[in-house]
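Order-wise, the sequence lines are chains Z and L.
Quick note on numbering: the numbering used here labels position 79 of the first sequence as 93, and the sequence is numbered without any gaps.
Quick note on numbering: the numbering used here labels position 4 of the second sequence as 6, and the sequence is numbered without any gaps.
It is worth saying that the hints were derived from the structure and are not from the lab.
Do not take every clue at face value.
Listed below are the simulated DMTMM-like cross-link pairs for lysine to aspartate or glutamate, each with C-alpha atoms no more than 25 Å apart in a straight line [unchecked claim]:
id, chain 1, residue 1, chain 2, residue 2
1, L, K212, Z, E19
2, L, K112, L, E199
3, L, K29, Z, D146
4, L, K29, Z, E114
5, L, K29, Z, D139
6, Z, K153, L, E67
7, Z, K153, L, E79
8, L, K212, L, E196
9, Z, K153, Z, E82
10, L, K112, L, E70
11, L, K212, L, D152
12, Z, K153, Z, E114
13, L, K112, L, D97
14, L, K29, Z, E82
15, L, K29, Z, D38
16, Z, K153, Z, D66
17, L, K212, L, D147
18, L, K29, L, E70
19, L, K29, L, E80
20, L, K112, Z, D65
21, L, K29, L, E79
No experiment lies behind these values; they were computed from the predicted model shown.
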Amino acid sequence: MAEHETGDQMMRAHAASLPCPTFDNPAWTRPPSLSTATVAIVTSAALHSPDDDGFIAGDTSYRTIPREQRNLVLGHWSPNFDRTGVALDLNVVFPIDRLEELAADGVIGVVAPVHYSFAGNQPDDVSTLRYDTGPAVGKALREQGTDVVLLTPV
Amino acid sequence: MSTLAHVFEAAGLATVVLSSVLEMAQKVAPPRALHCEFPLGRPLGKPLDAEFQHDVLRRAFALLEASEGPVLEIHPEEIVADETPMACALPPRFDPDAPPAVDEARGIRKAFDRSVAARGSSSVARVITPDEVPDVLAMFYQVADGRPWDEVGFPSNDPRSAAQDVRTYYEEAALELADGPPPDGRQVEAWFFERTEAGRIILEARRVMKEAKAPFNMWFYMAPGHRGRTQR
């Protein structure tokens, strides 16, 4: 680790060195016109309601976030990123008010009724996310009529 | 996020990823990604700047017009996280007999409460409550003095999460104590670890735990990875 390395430089270098899953025949879904699309946010910031269980290290589960909810806890386990941005403005991680504005302006069709949150610090093989909890959330999003998902990382 | 994009596309959803690690987006190759070289933890770039956030979203949603992929675009603006400690004066010490960090934590409680009132919630919720912050800081003093970390009574026997909760308590209070524009990406973190007694004792306890060969996962994650290389 270089002495001059900043926190973000160190974390990006570490993340770039992690093993990555491969997708040999990646799916491609063509969206409807954005102005008619129902749009949801899925974040890896481990956001959750104060009444929900928190996230733990390596947590592969997810939480639901109703469209109207703004009172959220940042439950991400890692100390290696800034948390004051989201304390100042939820939208810097979870741009729900921006989506509402885009819907009001007719840029997008509808803001989805339910959004989802995972923890970014998944086990290296991400197998539960890939084969269990991820598909479960995908199915739920489709069943509620979502067309487009914006994925925001932490 | 890039893995979830592939999973969701297979479920019939069109996805756009805001990437924060370029190499990972290149390797996992989600169908559509906008890489944003912004401070980690701020994927929309700038808190309290709706115009900038809308610019990010406009560029991201424009990728939905591509007829085939993968598509990986890079946002033209880079934002580097400033690691200069935020200017934030702490209230004067109250109890000279208490350990410095314990007294300090008690002294910022009113600011923390104002922060919670202003924002509606607190992320001090991993293993302790705000009321327990001074007691947990007293435990870090014991560790720094050489008592084994797993004998001091950390909640859930987890000094990592306790340290995170203490830091969050301070950071949320600092947002009320400081004047001026919103702090940059790592300025509040730098203030905590370089300017407060709590940050100092957590880094010292971490150093002692490392030297005592405590489990790596227990001491390392008490602070960001690049912290503690040049402790004061």
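Verification of the hints:
With a C-alpha separation of about 21 Å, the suggested pairing of K212 (chain L) with E19 (chain Z) holds against the 25 Å cut-off. Pair hint K112 (chain L) plus E199 (chain L) holds up; C-alpha atoms about 18 Å apart against a cutoff of 25 Å. Distance check on the hinted pair: K29 (chain L) and D146 (chain Z) sit about 22 Å apart at the alpha-carbon level, within 25 Å; holds. The suggested pairing of K29 (chain L) with E114 (chain Z) is violated, with an alpha-carbon distance near 33 Å, which exceeds 25 Å.
Restraint check: the Cα-Cα separation between K29 (chain L) and D139 (chain Z) comes to about 14 Å, which is no more than 25 Å; the hinted pair holds. Only pairs whose Cα atoms come within 25 Å are accepted, and K153 (chain Z) paired with E67 (chain L) is accepted, the gap being roughly 24 Å. The straight-line distance between the Cα atoms of K153 (chain Z) and E79 (chain L) is roughly 35 Å, outside the 25 Å bound, and the hint therefore fails. Taking the CA atoms of K212 (chain L) and E196 (chain L), the gap is near 20 Å; set against the 25 Å cutoff, the hint holds.
For the suggested pair K153 (chain Z) and E82 (chain Z), the alpha carbons sit about 22 Å apart, so the restraint of at most 25 Å is met. For the proposed pair K112 (chain L) and E70 (chain L), the alpha carbon gap of about 55 Å is over 25 Å, so the pair is violated. Straight-line distance between C-alpha atoms of K212 (chain L) and D152 (chain L) comes to about 13 Å, which keeps the hinted pair within the 25 Å bound. Simply put, K153 (chain Z) and E114 (chain Z) have alpha-carbon atoms about 23 Å apart, close enough for the 25 Å limit, and the pair holds.
At roughly 16 Å between alpha-carbon atoms, K112 (chain L) and D97 (chain L) fall within 25 Å of each other, so this suggested pair holds. About 35 Å separates the Cα atoms of K29 (chain L) and E82 (chain Z), which puts this hinted pair outside 25 Å; it is violated. Between K29 (chain L) and D38 (chain Z) the alpha-carbon distance is near 12 Å, which keeps this suggested pair within the 25 Å criterion. Annotation: proposed proximity of K153 (chain Z) to D66 (chain Z) holds, straight-line Cα distance about 22 Å (limit 25 Å).
For the hint linking K212 (chain L) to D147 (chain L), the alpha-carbon distance of about 13 Å falls within 25 Å, and the restraint holds. Annotation: proposed proximity of K29 (chain L) to E70 (chain L) holds, straight-line Cα distance about 17 Å (limit 25 Å). The suggested pairing of K29 (chain L) with E80 (chain L) holds, with an alpha-carbon distance near 21 Å, which does not exceed 25 Å. Of the pairs offered as hints, the one joining K112 (chain L) and D65 (chain Z) holds, with about 24 Å between alpha carbons and a cut-off of 25 Å not exceeded.
The hinted pair formed by K29 (chain L) and E79 (chain L) meets the criterion: a straight-line CA distance of about 22 Å does not exceed 25 Å.
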